[in-house]
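Trainee: Each chain is listed here by its residues.
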Amino acid sequence: MTAKKLNMKEKYSLLTRDLDWEYSYRDYKEIFPQEEFEGIKITDWSKWEDPFRLTMDAYWKYQAEKEKKLYAILDAFAQNNGQQNVTDARYINAIKLFLTGISPGEHQAAMGFGHVGRQLGGVGARVACQMQAIDELRHVQTQIHAMSHYNKFFDGFQDFSHMHDRVWYLSVPKSFFDDARTAGPFEYMVAIGFSFEYVLTNLLFVPFMSGAAYNGDMATVTFGFSAQSDEARHMTLGLEIIKFLLEQHPDNVPIVQRWINKWFWRGTRMLALVAMMMDYMLPNKVMSWQEAWEVYFEEAGSSLFKDLARYGIEMPAYAKTAIAEKEHVSHQAWSIFYNYGHAAAFHTWMPTEKEMDWLSEKYPNTFDKYYRPRFEKWREMEAAGERFYNPTLPMLCQTCQIPMGFTDMEDPTATFYRQSEYDGERYNFCSDGCKDIFDYEPEKYVQAWLPVHQIYQGNCGGAEMEDVLGDYYKINLGVDNMDFHGSPDEERWNAWHNLPSAEDKLKQAS
Amino acid sequence: MSKAYIALQDNEESHYIVEAIEEDNPTATVIYQPAMIRIENEGRLVIKRETVEEKMGRDWEIQALHVNLITLGGNVDEDDDQFSLSWKQ
Amino acid sequence: MSIEIKTATLEPIRHTYEHTKRRFGDKPASRYQEASYDIAPEQNFHYRPTWQPDKELFDQSRTAVVMDDWNVHKDPRQYYYGTYVQARAKLQEVTESNYAFFDKRGFADRMPEEVRQKIIRCMVPLRHAELGANMNNMFCFSYGTATVVNQGFLYHSMDRLGIAQYLSRVGLLLDGNSTESLAAAKEFWMSDPVWQGMRRYIENVLCLEDWFEVFIAQNVVLDTLVYDLIYRQFDEKITEEGGSDLAMLIEFMQEWHKDSSRWVDATLKTTVGESEHNRETIRRWVADWQEKAVADLAPLAEIAVGDDAMNACVEVLNKRLAKAGL
Numbered sequence: 001m002t003a004k005k006l007n008m009k010e011k012y013s014l015l016t017r018d019l020d021w022e023y024s025y026r027d028y029k030e031i032f033p034q035e036e037f038e039g040i041k042i043t044d045w046s047k048w049e050d051p052f053r054l055t056m057d058a059y060w061k062y063q064a065e066k067e068k069k070l071y072a073i074l075d076a077f078a079q080n081n082g083q084q085n086v087t088d089a090r091y092i093n094a095i096k097l098f099l100t101g102i103s104p105g106e107h108q109a110a111m112g113f114g115h116v117g118r119q120l121g122g123v124g125a126r127v128a129c130q131m132q133a134i135d136e137l138r139h140v141q142t143q144i145h146a147m148s149h150y151n152k153f154f155d156g157f158q159d160f161s162h163m164h165d166r167v168w169y170l171s172v173p174k175s176f177f178d179d180a181r182t183a184g185p186f187e188y189m190v191a192i193g194f195s196f197e198y199v200l201t202n203l204l205f206v207p208f209m210s211g212a213a214y215n216g217d218m219a220t221v222t223f224g225f226s227a228q229s230d231e232a233r234h235m236t237l238g239l240e241i242i243k244f245l246l247e248q249h250p251d252n253v254p255i256v257q258r259w260i261n262k263w264f265w266r267g268t269r270m271l272a273l274v275a276m277m278m279d280y281m282l283p284n285k286v287m288s289w290q291e292a293w294e295v296y297f298e299e300a301g302s303s304l305f306k307d308l309a310r311y312g313i314e315m316p317a318y319a320k321t322a323i324a325e326k327e328h329v330s331h332q333a334w335s336i337f338y339n340y341g342h343a344a345a346f347h348t349w350m351p352t353e354k355e356m357d358w359l360s361e362k363y364p365n366t367f368d369k370y371y372r373p374r375f376e377k378w379r380e381m382e383a384a385g386e387r388f389y390n391p392t393l394p395m396l397c398q399t400c401q402i403p404m405g406f407t408d409m410e411d412p413t414a415t416f417y418r419q420s421e422y423d424g425e426r427y428n429f430c431s432d433g434c435k436d437i438f439d440y441e442p443e444k445y446v447q448a449w450l451p452v453h454q455i456y457q458g459n460c461g462g463a464e465m466e467d468v469l470g471d472y473y474k475i476n477l478g479v480d481n482m483d484f485h486g487s488p489d490e491e492r493w494n495a496w497h498n499l500p501s502a503e504d505k506l507k508q509a510s
Numbered sequence: 001m002s003k004a005y006i007a008l009q010d011n012e013e014s015h016y017i018v019e020a021i022e023e024d025n026p027t028a029t030v031i032y033q034p035a036m037i038r039i040e041n042e043g044r045l046v047i048k049r050e051t052v053e054e055k056m057g058r059d060w061e062i063q064a065l066h067v068n069l070i071t072l073g074g075n076v077d078e079d080d081d082q083f084s085l086s087w088k089q
Numbered sequence: 001m002s003i004e005i006k007t008a009t010l011e012p013i014r015h016t017y018e019h020t021k022r023r024f025g026d027k028p029a030s031r032y033q034e035a036s037y038d039i040a041p042e043q044n045f046h047y048r049p050t051w052q053p054d055k056e057l058f059d060q061s062r063t064a065v066v067m068d069d070w071n072v073h074k075d076p077r078q079y080y081y082g083t084y085v086q087a088r089a090k091l092q093e094v095t096e097s098n099y100a101f102f103d104k105r106g107f108a109d110r111m112p113e114e115v116r117q118k119i120i121r122c123m124v125p126l127r128h129a130e131l132g133a134n135m136n137n138m139f140c141f142s143y144g145t146a147t148v149v150n151q152g153f154l155y156h157s158m159d160r161l162g163i164a165q166y167l168s169r170v171g172l173l174l175d176g177n178s179t180e181s182l183a184a185a186k187e188f189w190m191s192d193p194v195w196q197g198m199r200r201y202i203e204n205v206l207c208l209e210d211w212f213e214v215f216i217a218q219n220v221v222l223d224t225l226v227y228d229l230i231y232r233q234f235d236e237k238i239t240e241e242g243g244s245d246l247a248m249l250i251e252f253m254q255e256w257h258k259d260s261s262r263w264v265d266a267t268l269k270t271t272v273g274e275s276e277h278n279r280e281t282i283r284r285w286v287a288d289w290q291e292k293a294v295a296d297l298a299p300l301a302e303i304a305v306g307d308d309a310m311n312a313c314v315e316v317l318n319k320r321l322a323k324a325g326l
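Chains as they are written, first to last, in the working numbering: chain A, 1 to 510; chain B, 1 to 89; chain C, 1 to 326.
These are calculated hints, taken from the structure and not from any lab test.
Beta-carbon label-pair distances, calculated as ranges:
no.	chain 1	residue 1	chain 2	residue 2	range
1	A	Lys-320	B	Asn-11	37 to 43 Å
2	C	Glu-93	A	Thr-43	41 to 47 Å
3	B	Asn-11	A	Asn-85	15 to 21 Å
Owing to the predicted nature of the structure, the values given are computational and were not obtained by experimental measurement. All C-beta atoms, glycine included, are put in the ideal place defined by N, C-alpha and C.
Work out the full structure, taking the sequences as your base and the hints as a guide.
Mentor: So this is what it looks like as structure tokens:
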């Protein structure tokens, strides 16, 4: 018998789609009970186009190849004490924020894709989601392993998992993923599969990882690019789910549009953390946040939304606000963290003169006008031994949970502020985007575990800041937090590189 | 017309792939960035197995592209012989 | 002014993360430990699931069994993603070369026709059952709470998809890619009386709400019986009947089952050993599902192997349960 050759599409279809069967002992709705409640109409799962055609044998083979390479580099990195080779110890704080803020999000994404990987009724979509679930687990685990060596030489990595459940700024990414996971399976796919993976993650991974490469961080570049090689598959899935939902029924279009609006804004707010990582935490600069935003959102996003226009999908609402904010957001986010540097598990600092010049050059419309004078003032205070820390607790936005510090793009000196009333209570928002999200589903967003409220209610270890920061958050006070200058991290770094310690500098000065 | 694009890790294998892409997409632009190579082209970008095999001098499966891939933009169409990215607008 | 040159010191300031230190002590931890234990969120969830508003995310009440600490579990294989995919890549490489060899040498043609037909009727329909197992394990993954437990379900789920795909390829090898055997196997799965008990069993498990009960019904009870029946007894029977080449095609399933059993046994044993309540709950589930599975599988066992086949399977299951303290 001479076997005829099956092409990739035929073979994949037989090895995946054809495995499914029509249930007859139990009802479809008993097996997939979550498919209808969001109002999405699926008329025919067989119209699903497989975004990529990877069978498990090929998956194991290629992923094992990637893992082998990755761990060989991590081993070499540790053996050679690669932590000494980054540009500057300040840089390490960017990856502390990564491990405490972003890696747990990868874990959440794994759980979420596992959930939709069981709950979606179409086998093609299910299997694609399952592969993303296991990839996301890969990402959190490789990140923990890549940072493991840094954890042995720097402070602030050590309790990332404990902190993620508790620390105030980490509730920004945590509530983002909690929000997506508690939504129905289709909203989850639009939230994480499309809005986050397709529209926004490039901003996180591509320029930042290039930045890590530019700053001598071999471990992060390696896991970052290795993770990105899965991301290309995830992006394809994200785009496919959108096209599928839009093609299934015209009633799906407004629902999907609303989800795109919501998740674009939610994602943009969360990326404020990445914006400040790019502009303030990379000693060697690759590109500014604004430039990254232009390439990876404005250019790539406009191609995407032009392509989706045939379905009646428009650019996300508030894309204009987000575009206007690109010249401000990193500076405002860094100011917030500098203000609350005593309450963060990483170090903050004021940029050097040279770095401020770079910011002036990259942000000609905004940096000198709005931010440089304030930063120079803070630098003077520090030089006078009065490093500025804000002793009050900030008011948080009820939706994104970032302290209210973003300004009105019409008047960039005024803090933007909105309120809504629900069930006799007032709620505060940093933006129209966040207020709209709340107003559409107030019963969901009133549940938010807002860190500042929780502190006031006495649910975070006690009334004193030391109780909250030390006992409850498990920040090693005076070690993990405060300014980079004078930190044990800086001290060790200087010792490795035979640089004068802060103490020596003082002696020298006198 | 929007630009379809792909970014690959900057390594030995990718260099052959980039060579093949340049040959099959004469109007494509290749941009070298730290640790990565970005290739973009108006409307459509295609990677052909045969051309990559020719450059490498050995068998190569389209799916092996994923090992070095960093990101992409465009609607994907993949089969045994080619991997293409395109925008309809 | 004298410049004091300090000897650079590269002593680590800690050996591992705090979460592994609290659990395993202040010493270097393994990659398995750092990436598996205590990394899942445990409290301060922001919103309740819209699809299940009476529960939280990571809610421990999604199963009736109770663990004081789910993180006391351990996968004896110590699989995290990296070790998992590398172990499977090795197995798939061997399988790939087996399948290629089988194909190149035309082994399907030298199999007696009745043997070929018997494999298509008694084994290839399992590709659908494996998809059910894939979904059931994904269910356990998505509703469990501790990563050290959950990740085992995720790997297992993907394994079952892989096995469903290998079984489909066995069909294609036997029919020379005409896909007739796959169509026939699906027909058996859908309407052959021999398969209906098993299909009903799986559809019922797909409707369960307690993820640990799913684990018992699928991975402990059904799989122990089916894997012994098909990949041991049926393999022997087919060899007797002149189809010894089948062995090349099912080596993956046999090796995989050995590997996965280590994890299933450990997970079962730790949970049973936690309390009388767990032992009793699990004992009840096992009794229920075992009774159904034995009745549902009997017709298949009869035609695939013969009269005593089912008893032999049950013996294997009982041994396994006894080992776990049931």
